[in-house]
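Chains as they are written, first to last, in my numbering: chain A, 5 to 139; chain B, 5 to 139; chain C, 5 to 139; chain D, 5 to 139; chain E, 5 to 139; chain F, 5 to 139.
Among the clues, some could well be false.
Which copy? The list can't say, so a pair holds if one copy fits it or any two copies do.
Heads up, simulated BS3-like pairs for lysine-lysine below, C-alpha to C-alpha not over 30 Å straight-line [said to hold, decoys possible]:
#, residue 1, residue 2
1, Lys23, Lys34
2, Lys23, Lys60
3, Lys34, Lys101
No wet-lab data here; the hints were simulated from the structure.
There are 6 protein chains.
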Amino acid sequence: MSTVNLWSDEDANNDPAVKAVFDDIRIVRKSDFVNNFWRALANDPIQLRQVWEQVKQVMMAEGELSPLTRELIYIAVSTANGCSYCVHSHTASARAKGMTNQQHAELLSVIGLASRTNALATALQVPVDPVFDIR
Amino acid sequence: MSTVNLWSDEDANNDPAVKAVFDDIRIVRKSDFVNNFWRALANDPIQLRQVWEQVKQVMMAEGELSPLTRELIYIAVSTANGCSYCVHSHTASARAKGMTNQQHAELLSVIGLASRTNALATALQVPVDPVFDIR
Amino acid sequence: MSTVNLWSDEDANNDPAVKAVFDDIRIVRKSDFVNNFWRALANDPIQLRQVWEQVKQVMMAEGELSPLTRELIYIAVSTANGCSYCVHSHTASARAKGMTNQQHAELLSVIGLASRTNALATALQVPVDPVFDIR
Amino acid sequence: MSTVNLWSDEDANNDPAVKAVFDDIRIVRKSDFVNNFWRALANDPIQLRQVWEQVKQVMMAEGELSPLTRELIYIAVSTANGCSYCVHSHTASARAKGMTNQQHAELLSVIGLASRTNALATALQVPVDPVFDIR
Amino acid sequence: MSTVNLWSDEDANNDPAVKAVFDDIRIVRKSDFVNNFWRALANDPIQLRQVWEQVKQVMMAEGELSPLTRELIYIAVSTANGCSYCVHSHTASARAKGMTNQQHAELLSVIGLASRTNALATALQVPVDPVFDIR
Amino acid sequence: MSTVNLWSDEDANNDPAVKAVFDDIRIVRKSDFVNNFWRALANDPIQLRQVWEQVKQVMMAEGELSPLTRELIYIAVSTANGCSYCVHSHTASARAKGMTNQQHAELLSVIGLASRTNALATALQVPVDPVFDIR
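Please model the complete structure; the sequences and the hints are all you need to start from.
Here is the structure:
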């Protein structure tokens, strides 16, 4: 139950800008599957293009963090933000990139601990130690 | 400016339960520094002990995720939860565990992307694709 | 699947305080449709009345912001707070007040950008520039 | 007290990628002032460039929402996300774009109402009315 | 460092609508102290009046929850929402209404537990058990 | 639709660590019903055990706050965090511990008020009054 129309492949084929992104998603991911996030975002072809380019660059480009580590961070943010769709899709992505059940369990234990201590630090209004200041 | 008293070392020395945790923090971390979070939490020696034990187990025990990866996840959660103290203390922890500037930049790029797409998925109320269901 | 009973029109007709609000909703909106939010809120007739009065005053009264602008702000807050029901109902309200697809796309682009920079500013713990202080 | 170094103009002058963005900020805004957000973001010149380009496109490009309306939406999101820095900087931006005290008051009344009803709808777990489904 | 002017008593004395609320706050609370929240809200006398009336009714009226229990709930919400000002002011209010250190410790232990399990339930996307449905 | 497998009783019977917790849940609660949260958490028997022990200690142990008051605080946190599952399960728990409709209505009125004033205080960036500082 979305707030916008979800674009079918037929819809996308009638809009070159959308079709180009859907095609690129399929090529990059080596899969015919285009998940609903992109089908909803297709209502704004400009944002569709930009988000997809950002995803490719942030999640897939060479870097010092592995693609799997980036997915774990993504799940952590999505959980804290309460985004049901994102938790689902990125847990699936992490599994596709090799996340083991043990890694998932460790991820959740860190998320659970951080959520607890975040709340405690906020309730206590703990002042930041001067030593933590970078300057 | 905290909502509770911050325990000095002198205060801690007068309470064996608090002193025991402060001592253990110093031994485990091989440092005399006890940061304000623990000094605030000391008002409840039971929770102080439990949180410290949880931190040791979740953040330091052997596992499949490296201690640095766990810190990155911690920063991600703390950022999404808007915990200023936790962002400061765990960014410092991550640096102490070897986080490079490049890794920090990549962490922030994932946090920024996830925050953007979390909001978009929520505004669009994207339905979860059936393929993401584990069952 | 709600945590309280949803009041049917028959239920409402048996409680004058609830009936009065439902009647007013229908008159003000020139529609027979009373959405589930009010049917859930009806379990506390006092809060039902107060929230409805606040909605009329904040969303419908004369002012310098147009009714549509107010709906856009409402959607923005509801998205950031992750309220699925509110995103749905206020996106529908905004459309009923004339929101175009282009305006919806622009709204989402601002929400997406703000969510990204909010997270970055928090992760970086950027100090507020003195010039932003009103005093 | 930030988690990264804030780049001075002298620092920026030693890095062409950063200098180019700082220069563009000054030209576009017709002001010599570069606020701390950009000075913190400068630690990652790639993200600095991308966020600035996104800001120009989302907040300044021609569209159906006025620049002021976009700032009001930005403040709404930043408030709900609890980003102190962003609330400060975008309230200042909105004022610079002509926001009156009355408009600010109306903005806050919508934010306050939405925050109240968001919480109520979540606590009540109100089911989405079928009529709100776009499909 | 606020985004609006904080009204001094002298300012308030020049605006009958604001003065009336400040006077009532002093009478009801039997104290000359008017905290900054009201001095900031005074920029919109209508919202000032409405919020104060809501506070009196919700926090002080006769009911089945004690005034202290209501303050504990207020602190819990303010903590989860990351409102620093509100955590400070309502922790002080709770103490003024008799909250003991032990009660504060128990409050924090519940907040910490709920924050942990909230995050876990969201990361796991646990489906609601049919038995929890009220209907 | 969860991100992990939900453990059936048969699954649990094949894992002594999980079975021990499920058995204890049934004994402590004097009910055969084990809700989905525990069936999802069972994928990590260590966290399953720890969370259950924390629940017993925080929610059931002797203390100065009644078990019902603790449930109200739990609902407040879960609502502010937007955890649908937790709002459902703890509203049911509160009812099982005797929460009346009137108490539920009062709880919601405090949550609604706090959510409104949290947002206002954040939008106004109200500085904390020095008198609220504990030190």
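Do the hints match the structure? See the list:
In this assembly of identical chains, Lys23 and Lys34 lie within 30 Å of each other by CA distance solely inside one copy; the values are 16 Å within and 39 Å between copies. In this homomeric assembly, Lys23 and Lys60 come within 30 Å of each other (Cα to Cα) both inside a single copy, at 17 Å, and across copies, at 26 Å. When the C-alpha separation of Lys34 and Lys101 is checked against a cutoff of 30 Å, the pair qualifies only within one copy, where the shortest distance is 13 Å, while the shortest distance between copies is 36 Å.
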